[in-house]
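So the sequences go chain by chain: A and B. Take 15 as the starting number for the first sequence in the numbering used here and just add one per residue. Take 15 as the starting number for the second sequence in the numbering used here and just add one per residue.
Some clues are possibly wrong.
Identical copies look the same in the list; a pair holds intra-copy or inter-copy alike.
[Said to hold, decoys possible] Listed next, the in silico DSS-like pairs over lysine-lysine satisfying Cα-Cα at most 27 Å (straight line):
#1 K94 / K217
#2 K269 / K221
#3 K157 / K212
#4 K217 / K269
#5 K17 / K212
#6 K200 / K31
#7 K269 / K212
#8 K185 / K221
#9 K344 / K313
#10 K157 / K346
Think of the hints as simulated: they come from the structure by calculation, not from any bench.
2 protein chains.
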Amino acid sequence: MNKQLILAKRPIGLPDKSTWTIEENAIPEINEGEILVKQHYISLDPAMRGWLNDSRSYIEPVAIGEVMRAASIGEVIESKNHPKYKVGDFVSGWGGVQQYSSSDGSGYYAVDPNLAPLPTYIGTLGMPGMTAYFGILQVGKIKEGETVVVSGAAGAVGSLVGQIAKIKGCKVVGIAGGPDKCKYLKDDLGFDATIDYKNEDLKIALKQTCPEGVDVYFDNVGGEILDTVLTRIRMNARIVICGAISQYNNTTPVKGPGNYLSLLVNRGTMQGMVVFDYASQYKEAMIEMSKWLKEGKLKSREDVHEGIENFYDTFLRLFSGEKLGKLVLKVKE
Amino acid sequence: MNKQLILAKRPIGLPDKSTWTIEENAIPEINEGEILVKQHYISLDPAMRGWLNDSRSYIEPVAIGEVMRAASIGEVIESKNHPKYKVGDFVSGWGGVQQYSSSDGSGYYAVDPNLAPLPTYIGTLGMPGMTAYFGILQVGKIKEGETVVVSGAAGAVGSLVGQIAKIKGCKVVGIAGGPDKCKYLKDDLGFDATIDYKNEDLKIALKQTCPEGVDVYFDNVGGEILDTVLTRIRMNARIVICGAISQYNNTTPVKGPGNYLSLLVNRGTMQGMVVFDYASQYKEAMIEMSKWLKEGKLKSREDVHEGIENFYDTFLRLFSGEKLGKLVLKVKE
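Bound-form chain A, shown alone:
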C-alpha cells in the first residue's frame, strides 16, 4: 500500500490537523516510459504554506483531494523502459508527501548517494541550496567586504546564504530566534555576528553589529524585521525578497514595510525571487556547492523527522522555529 498525505481543505491562518488526511491507496501501476519511485526523504519548506492558498502565485495551488506537493528523494524500484532511469537509480523530483510516486520522469533528475548523503539533495544541493545560491549571488549581487544580513538565518536557506556570503568575503550577520540557533551560526557556521530577535532589540543590535549599515539584506521573514532592517540600509543596498514566513499564516492583511521610503533615500533596490527561474543554471551551482561541501567551507545540516503520519507536527516546526537547518521527513520502511 501507498501511504499518502491528501489536502482536505484550504486552511485559514495556521493550518490545523484537519487540513490534510492520510490515505492508504494502492501502489500506482506504471505505464510504458514511466518509473515507480520508492521515496526515502521528503522536503518540508515554508513555501508549502503558500501552495495551500487558492490565489494567483508563482505556482498553481495544490488542489483539494490531491497529494500534498513536496520535493523528494527516492529510489527507482520499477522502470517500464524509461529512457533515462533504471531500477536502482536514485532520483530527486516532485514526488509529493507519499511513500511511492510514479512519474514519466519530467522534473526529475538523478542524484548520486555516494557523493553526498541523500537528504543533502533536498537541502544544500536541492531547492533551498539553489535559492540561497542564486538569491545571494545573482539578486543580492554581493561583493567582497560588504555587510550582509540574513533573517531566518538558522533555516535551510538562511544558513546557506550566510555561509556563501562568508565564502565570498562578506561580513555576515544572522538574525535568528533563540540563543541555541545564534550559537550554532557563530560557532559552527562562522557567522561574524548574530542577533537573537526574540531576546534582543533588533534596532539597537543592528546598529551595533552593522555600524556602517547593511549592504545586502536577504529576507526570509518579512514583517517587523524587514521593516527594521530598512532603517539601517546603506546607499545602493539590495534587499532580496525570498519569503515572508512571519506573514504566511496571517488572517489579517500582510504588513507592508512602512519604512520602504528608505529605498528612495538610500537608492536601494528590493527585488523578489523565485528559484525556478534559475533552473538552467542549477547544474553549475550544484557543482560549486558540492565542491564547497567537500572542502568543508559549507556545512549542511538537516533536521530529520520520521513518518508521513508525523507530517503535520513536523510541518508546524517550520513556523514555530523549533528546528535547525533543513527540515526533512524520512519515509519509514
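Model the placement of chain B on the given structure of chain A, informed by the hints.
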C-alpha cells in the same frame, strides 16, 4: 530690500502658515569672486516638504531661521570678477525663496532665455525633467511596447515621465485626480489611457487599461495607489520609487505596501531614486529633452503664481492637487 521666506519652525503634518515668516533684509553685499542674482522664478516641488523634517534623508534639512531652500532662475546683476558669470547672464541654481541671492556660483549653471522660456529651466529642463528622464529610462529601464503606469501623472515629473515613455514606444496610463487632469493627459499629452483615482475604482480601472498587467510603474504618490498597482504587475516588473506625496504630511506612520510580496511572485524590482545622482549626465539629458521640446514631442506646462508673499498658498497646491504641470512662483518686480 530683499524679501525672504524664512523657515520659522518644523511643521507636524501639513505645514500651517506659521511654518515660515517673511522678512525684508538688505540685499546681500557680495565678495570677490561672487555673483548677485536677481531671481525671476522659484521652483515649488513636493520634495520641499521632506526638507522641513529634522531626519536623516538624502539631503540636509533646511535649518530653522534659514531661507527656504528652492531651485530658482535669475539674472546676474552684479559680478565681482566671477570667473564664469557676468552681469546679464541668466543662471539656475539653489537660490532659495527670496528676491535676491548671492553665490560663489557653485551649483549654478547658465541658461539661455532664447532657447526656452525661463520657467522651463526649472521644469522640463530642470530638476523635475531630470527626475523623469533618468527615473523612467535608467531606473524604469522601459522598452518599446511595454505598459507604463505613472501616478501624479499631471504633475511636473509625472507628465514628463508619461511623455518620455510615449516617445520610447510604450503604452502609457496616467493616474491623476479629476476629469480635467485626465482630459489634459489624453488630449494634450497623448497618454493612451488615464485613471481618475478620485472618481474611479483603481483596481478595476487598472484591469481595464492594462489587461496584460503593468511592466513599469513610476510612483510619485505611495499609499493605497502603490499598493493597488502592486497587485497588477507583470513578470519582471520595475517599480520606480520617486516620491510618496500621499504620505509626506502624515502624522501617523507611513503606510507600507502590504502587497509587496507581489514582487516575489512576479520577480519584480522596487528601486528608489534621487535625481542628484545623475548630475554628471544632466547635460546630455537636457540636450535630448530640448530637442524633443523643439520637435513638439514633449510639452512643457507651468502653473505660474506670483509673489513670495503668496508662497504658502501656492505651496499648498502641491498637496491639494490644485495645479496642472510644474508649479512655479514668479518673483514680483
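These are the hints, each one checked on the structure:
For the identical chains of this complex, K94 and K217 are neighbours neither inside a copy (59 Å) nor across copies (52 Å), given an alpha-carbon limit of 27 Å. In this assembly of identical chains, the alpha carbons of K269 and K221 lie at most 27 Å apart whether taken from the same copy (23 Å) or from different copies (24 Å). Within a single copy, K157 and K212 get their C-alpha atoms no closer than 30 Å, and across copies no closer than 46 Å, so neither meets the 27 Å cut-off. In the homo-oligomer, the alpha carbons of K217 and K269 lie at most 27 Å apart both inside one protomer (18 Å) and across protomers (20 Å), since each shortest distance falls under that limit.
Taking the shortest alpha-carbon separations for K17 and K212, neither the intra-copy value of 38 Å nor the inter-copy value of 56 Å comes in at or below 27 Å. In this assembly of identical chains, K200 and K31 lie within 27 Å of each other by CA distance neither inside one copy nor across copies; the values are 36 Å within and 55 Å between. Both within a single protomer and between protomers do K269 and K212 lie at most 27 Å apart by alpha-carbon distance, with minima of 19 Å and 25 Å respectively. In the homo-oligomer, the alpha carbons of K185 and K221 lie at most 27 Å apart inside one protomer (14 Å), although the nearest pairing across protomers, at 44 Å, exceeds that limit.
Proximity of K344 and K313 under a CA criterion of 27 Å is satisfied intra-copy only: 20 Å inside one chain copy versus 67 Å between copies. In this assembly of identical chains, K157 and K346 lie within 27 Å of each other by CA distance neither inside one copy nor across copies; the values are 44 Å within and 54 Å between.
Hint check: violations occur at hints 1, 3, 5, 6, 10; the rest are consistent with the structure.
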